[in-house]
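*Asks:* Each chain, written out:
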Amino acid sequence: SQWGEENLQALSIQEGEDVTMNCSYKTYTTVVQWYRQKSGKGPALIILIRSNEREKRSGRLRATLDTSSQSSSLSITGTLATDTAVYFCAHTGNYKYVFGAGTRLKVIA
Amino acid sequence: GALVYQYPRRTICKSGTSMRMECQAVGFQATSVAWYRQSPQKTFELIALSTVNSAIKYEQNFTQEKFPISHPNLSFSSMTVLNAYLEDRGLYLCGARQGNERLFFGHGTKLSVL
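First to last, the sequence lines map onto chains A and B. Residues in the first sequence are numbered consecutively from 5, following the working numbering. Residues in the second sequence are numbered consecutively from 3, following the working numbering.
This is chain A alone, in the form it adopts within the complex (with noise of 0.2 Å):
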């Protein structure tokens, strides 16, 4: 899971398989979007989830999110080769965003 001190994490799966990363916060939060950043590219936002729903979809991403334990999860059933990526968390309750440390997601054919 992806948590703002720890290292990176990684994950080695192979295509068509399903995964789930996950994401804890500690401070107050209305919003957790979470972004996937592949090799010499900047984030980009791939879904987003507030505080008062408990889970979203997007294709084949599902995210949700629970507020009573302070985690947000990132679901992709499926995967390809192409959803190889670095993917981050990102939460708000004010004014700025926190990133997680990241998941780095490697799908292989």
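Keep in mind the hints are simulated off the structure, nothing from the lab. A virtual CB, placed ideally from N, CA and C, is assigned to each residue, including glycine. Possibly wrong hints are sitting among the right ones.
If you only want the chain B side, here are some residues facing chain A, beta carbon under 8 Å, derived [what the hints assert, rightly or not]: (1) Leu5; (2) Tyr7; (3) Tyr9; (4) Gln43; (5) Leu48; (6) Leu105; (7) Gly108.
Simulated pairs of lysine-lysine, BS3-like, Cα-Cα distance not exceeding 30 Å [what the hints assert, rightly or not]: (8) A:Lys110 - B:Lys68; (9) B:Lys44 - A:Lys60; (10) B:Lys44 - B:Lys68; (11) A:Lys110 - B:Lys16; (12) A:Lys100 - A:Lys42; (13) B:Lys16 - A:Lys60; (14) A:Lys110 - B:Lys112; (15) B:Lys112 - B:Lys16; (16) A:Lys60 - B:Lys68; (17) B:Lys112 - A:Lys100; (18) A:Lys100 - B:Lys44.
Using the hints provided, position chain B relative to the given structure of chain A.
*Replies:* Below, chain B without anything else, positioned relative to chain A:
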């Protein structure tokens, strides 16, 4: 759609010199712009948050004297790294905020210092 263009994509500067990077929001008006630095280990450091017509808020360890920012309108922002040294290396990312929620990034400016 909302796009953020950032340039240059890469830059190399000599130690002690300065370099400027620019950020353009296209397709939306950015309510605020956040400048981050991403280390080779991928961690994000917030440098400053800039809102048009408001004072720029710098985070701890970052100062206006070192990272002056200009944010003249809702679609453009620039930041300069003054007197760059090895510890300033990294990927500098401009995040433009749409409304109160979505934060969109450009490709970033990769700074190398010789």
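*Asks:* May I ask which of the numbered hints given earlier this structure violates, with the numbers listed in increasing order?
*Replies:* 1, 2, 3, 8, 11, 13 and 16
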